[in-house]
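Asks: Put together the whole structure using the sequences plus the hints.
Chains as they are written, first to last, in the working numbering: chain A, 1 to 123; chain B, 1 to 391.
A few of these clues could be false.
What the hints assert, rightly or not - With beta-carbon atoms standing in for the labels, derived distance ranges:
#1 A:Lys115 with B:Gly103: 34 to 42 Å
#2 A:Glu71 with B:His247: 29 to 37 Å
#3 A:Ala14 with B:Asp70: 44 to 52 Å
#4 A:Ile75 with B:Arg44: 44 to 52 Å
Keep in mind the hints are simulated off the structure, nothing from the lab.
Ideal Cβ positions, reconstructed from N, Cα and C, are used throughout, including at glycine.
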Amino acid sequence: MQTLYDEYDKEFLAFVGNNELRIPVDTKTGKALGLHARSWRKTAGSTVQWQPAKGTGTVISYVEFHRQYAEDFPIPYTVALVELAEGPQLLARFAHAGDDEPEVGMAVSARFDSKGLIFHPMT
Amino acid sequence: MKQKPIAAIAGLGFSELSRKPIGTSRELAAAAVDAAITDAGLKRSEIDGLLINRSPVADPDEVPLRLQNDLQLRNLGLLAAIDSEGSSAVQMVQYAAMAIRHGMAKTVVCVFSDTPVKASGGGNTFAIAMPLTGVEGWERQQGFLGASAAYALAARQHMARNGTTERQLGAYAVSCRKWAALNPQAFLRTPLSIEDYLASPMVVAPLRMLDCCYPVNGAIALVVTSAKRAENGPHAPVYIHGMGQGHRGRSGLRGDGDEIGTGAPQAAKMAYKNAGVTAADVTACEFYDAFSYVGILALEEYGLCKPGEAAAYVADGHTAPGGKLPVNTGGGHLSGFYLQGVTPLSEGVIQVRGTGGERQVVNNDLLLVTGSGGCLDYHACVLLSPHAALN
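Replies: Set out below in structure tokens:
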């Protein structure tokens, strides 16, 4: 099925395309919003803005792909669900560093490669 | 005075079910509707409501509202497609029951039809990027593909939190296979051991192939009517005593409650309350269990096991034939067949009627039937019984 993009999606994806991770933050309270809470983008008088995230976080869960679903994603590869330091959760590929397998609770940091954002274990 | 049933299921109809192409979803839907109407001892002219459930990954025109014309159903007082993903089939029965209760219709047919297995196989039908993050397109960009991946992510959290093991996930698959062996309509009936399970290939770890549902082509329809009218039909009525929904949504924010928890407990609470029962009164379950983990989670979220205890409960054999709480007695989605929400619903009707043959449960007093859609996002359940009044 065709993906339908709003301005919200395009903006987030464009930040990542520029090697930048930004998250929605309410400038009034300083609190970050979950990426699901999209409605601020078109809410009149919203005090929420895209702001740079630290890019660090903790692994909440992860999966390893053993079945190839797409040519541009040769198996095996790992995707982790990460809780960013500011609170919001984000899914992204996980880069294995040597024998480093992901673990729930592992500290990670975001980097960028040709496919976009990828989490690396914190060293 | 005992509480009266909300409505009743009076007819159940199947099209042919197959792993091969056997026609379009629209054709199969019509076949199932006709079979259900005949099963209820009715004629097409007596149907005044039609509810349709299409697969969320199918084109809406595969089973259009024009199905009404295919069947020459005239003067319908109720016609809609219900679009709540895997919870839709149970929701159809709920909306039919409500419409009947409030006089909008007298006899409603609810149908689900799907043809996910193509001539080239069924491998790619569910290879979709499930939108979990909140940014459309993000999952595809990250290679987060396939429904299995989304459920694997949830299963891993449960494993990390509760110590759920791969062998326990396997025990659920083995339990379902034991039931399937007793069901002539089930597609996977060969005996399955834990060792067989552990030898099955990983799809998206921690989920193996045998943790995943077995899609088929086909359609199933149900006729819902008032309890009184159902009592005049050729079959014993399947009374609907409780109904609930729960849709918790996602916040994606740390500290916002228990992120593993879904809307299922809310659905359960409402259904138990309006049936005047508790989880302890449920005698068998037909869960929407597209992945092994989902069945284990449902046991906990519907209050049948304490949080974190369902995996051990399954491994101890309590959900298998001869166990104290039969679960997915036709083999469920894993070993029976995957036709989304009508798999558990049809088995619930068969069990309440007492026509389960070798797989018939001893105590069918109160069956819990669930639906679950998205990735554990949308939940609906009904409580079915052969008894017009619950004790």
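Asks: For each hint, tell me whether it holds in the structure or not.
Replies: Consistency of the hints with the structure:
no., hint, verdict
1, A:Lys115 with B:Gly103: 34 to 42 Å, "violated (57 Å)"
2, A:Glu71 with B:His247: 29 to 37 Å, "holds (36 Å)"
3, A:Ala14 with B:Asp70: 44 to 52 Å, "holds (47 Å)"
4, A:Ile75 with B:Arg44: 44 to 52 Å, "holds (51 Å)"
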